[in-house]
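*Asks:* These are the residues of each chain, in order.
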Amino acid sequence: MLDEKKLVEIVEEALELRKGTISSGDKDWYSLWDSLGHLSILVKLDQVLDGKCSEIKELSKAVSIDSIKEVLKLNNLYKD
Amino acid sequence: MFTGLSLRKISYYLPNNVQNNEQLKSIHPDWDVDKVQEKTGILQRYIANEDETSVDLGFFACKSFFKEYNIKPKEIDALLFITQTPDYALPPSSCILQERLSMSNNILALDINLGCSGFVNSLAVASSLLKSEAINNCLIICAETYSKFINQNDRTNKMIFSDAASACLVEKDNYNSSIGNFSFGCDGKGARELIVEGSGVRGNLERKDQKLFMNGPAILLFTLSEVPILLKKTLKKNGYTLNDIDLFIFHQASKLVLDLLCKKIGIEKNKTYSNLEKKGNTVSCSIPIALKDAVLKKKLLPGDKVLIIGFGVGYSLGSTIIRW
Chain A
1 MLDEKKLVEI
11 VEEALELRKG
21 TISSGDKDWY
31 SLWDSLGHLS
41 ILVKLDQVLD
51 GKCSEIKELS
61 KAVSIDSIKE
71 VLKLNNLYKD
Chain B
1 MFTGLSLRKI
11 SYYLPNNVQN
21 NEQLKSIHPD
31 WDVDKVQEKT
41 GILQRYIANE
51 DETSVDLGFF
61 ACKSFFKEYN
71 IKPKEIDALL
81 FITQTPDYAL
91 PPSSCILQER
101 LSMSNNILAL
111 DINLGCSGFV
121 NSLAVASSLL
131 KSEAINNCLI
141 ICAETYSKFI
151 NQNDRTNKMI
161 FSDAASACLV
171 EKDNYNSSIG
181 NFSFGCDGKG
191 ARELIVEGSG
201 VRGNLERKDQ
211 KLFMNGPAIL
221 LFTLSEVPIL
231 LKKTLKKNGY
241 TLNDIDLFIF
251 HQASKLVLDL
261 LCKKIGIEKN
271 KTYSNLEKKG
281 NTVSCSIPIA
291 LKDAVLKKKL
301 LPGDKVLIIG
311 FGVGYSLGST
321 IIRW
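Same order as they appear, the protein sequences are chains A and B. Residues in the first sequence are numbered consecutively from 1, following the working numbering. Residues in the second sequence are numbered consecutively from 1, following the working numbering.
Don't read these hints as lab results, they were simulated from the structure. Keep in mind that the hints are not guaranteed to be accurate.
The calculated label-pair distances, taken between Cβ atoms and stated as ranges, are [as the list claims (entries may be wrong)]: (1) B:K298 x A:K61: 39 to 47 Å; (2) B:E75 x A:V48: 53 to 61 Å; (3) B:E99 x A:V48: 51 to 59 Å; (4) B:T3 x A:E58: 24 to 32 Å; (5) B:E38 x A:S64: 21 to 29 Å; (6) B:K131 x A:E4: 56 to 64 Å; (7) B:E268 x A:K61: 33 to 41 Å; (8) A:D28 x B:H28: 29 to 37 Å; (9) A:K19 x B:T3: 19 to 27 Å; (10) A:V48 x B:N270: 26 to 34 Å; (11) A:G25 x B:E277: 21 to 29 Å; (12) B:G303 x A:V48: 54 to 62 Å; (13) B:E75 x A:K61: 31 to 39 Å; (14) B:L301 x A:G51: 27 to 35 Å.
Built from N, CA and C at the ideal position, the CB exists for glycine as well.
With the hints as constraints, model all of the structure from the sequences given.
*Replies:* Below, the structure written as structure tokens:
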């Protein structure tokens, strides 16, 4: 089960951002969330969630932290 | 199980025009080519010339095949032409090729519109035709020119896909070889995830902007979810376990996909063969080219059991085990 902190960590790692970049309020990092960045995020998520991500097709269209949260919540993999 | 059938005779053709990542860096200084290369594992690609088509590439692959194995075109009973980039919507590319190669007028010539699973699924068709005694041999030609559909500013697709053609003969022989039972898969829900809009009759009647669209994340999730299941089904259907297989040859999608699949399924890297670095993703040609390269590099030897699995556009999948 993921929470906000862990999800942000995963995205930061996948996009090779410095820790704390996302919570800093700076939005420049979002340009790195292109198709390649999205692939990296899905790979990291799949690793952390023991392969459960590949079963959740909606994640391919979830291109923000909030939308990933929503999809994971629906699949009981995220808790506020 | 199709005992007494083999597909040891394979040739391929790659266009003369090679595009490496250093060239891409100078064309697109704003692209992080190294980062993409890290994910794809592809260092260069082959690009057909403007006036070079799938039938042309297929023709050269066949010429090379007939020369290499000293076979005459008229000896071929059936010709399956696998492509998603045909010269025309009609007539079939297989018929054009029959004439260009002066093959028999009694030949069975069929086009099959499949991509990355095309070789394996066509092998199933060829094996069944041979088993039914309808024919004595079948030439499977895979030929792709995806580069024609790639937007020159599309970083992902431009760095992955490579043009190529392969020719592979399925025949009855005296070797102790066999083609195993097949497993198939199809999920048309993924049809729009890898598509060239306007390339057929539906929509875009002005025939503009026929460019390849690939939803990489969706295809990655489909692959990681379905390929391991199909692979296990193929092992079961043939009475083998993972440890019984000498070599695994996956459709050469990208390094990222192949690494993740190996990890997920539990296959050691030294039991797989990949030629992505130098050949790129050649769509339907990727498995026959990898089989040929594996033989040349002595990674695949007579008697070895090789599991092949194709997956992608459609979505569509196919897999079998060959005793080489």
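*Asks:* Against this structure, judge whether each hint is valid.
*Replies:* Going down the list of hints, with the structure as the test:
Range check, K298 (chain B) to K61 (chain A): about 45 Å between beta-carbon atoms, so the 39 to 47 Å window is met. For E75 (chain B) and V48 (chain A), the Cβ-Cβ distance of about 56 Å falls inside the hinted range of 53 to 61 Å, so the restraint holds. Between E99 (chain B) and V48 (chain A) the CB atoms are about 57 Å apart, so this pair conforms to the stated range of 51 to 59 Å. A C-beta distance of roughly 45 Å is found between T3 (chain B) and E58 (chain A), which places it outside the suggested range of 24 to 32 Å.
For the hinted restraint 21 to 29 Å between E38 (chain B) and S64 (chain A), the CB-CB distance of approximately 25 Å keeps it satisfied. A hinted range of 56 to 64 Å for the beta carbons of K131 (chain B) and E4 (chain A) is consistent with their spacing of about 58 Å. A hinted range of 33 to 41 Å holds for the C-beta pair E268 (chain B) and K61 (chain A), which are about 34 Å apart. A C-beta distance of roughly 21 Å is found between D28 (chain A) and H28 (chain B), which places it outside the suggested range of 29 to 37 Å.
K19 (chain A) and T3 (chain B) have their C-beta atoms about 59 Å apart, which leaves the hinted 19 to 27 Å range violated. Against the hinted window of 26 to 34 Å, the Cβ-Cβ separation of V48 (chain A) and N270 (chain B) comes to about 27 Å, which satisfies the hint. Distance hint check for G25 (chain A) and E277 (chain B): the Cβ-Cβ separation is about 41 Å, which falls outside the suggested range of 21 to 29 Å. Look at G303 (chain B) against V48 (chain A): about 42 Å separates their beta carbons, and that is not inside 54 to 62 Å.
At about 51 Å, the CB distance of E75 (chain B) to K61 (chain A) disagrees with the hint of 31 to 39 Å. Evaluation of the 27 to 35 Å hint for L301 (chain B) and G51 (chain A) yields a pass: the beta carbon distance comes to about 33 Å.
The structure fails to meet hints 4, 8, 9, 11, 12 and 13 from the earlier list, while all remaining hints are met.
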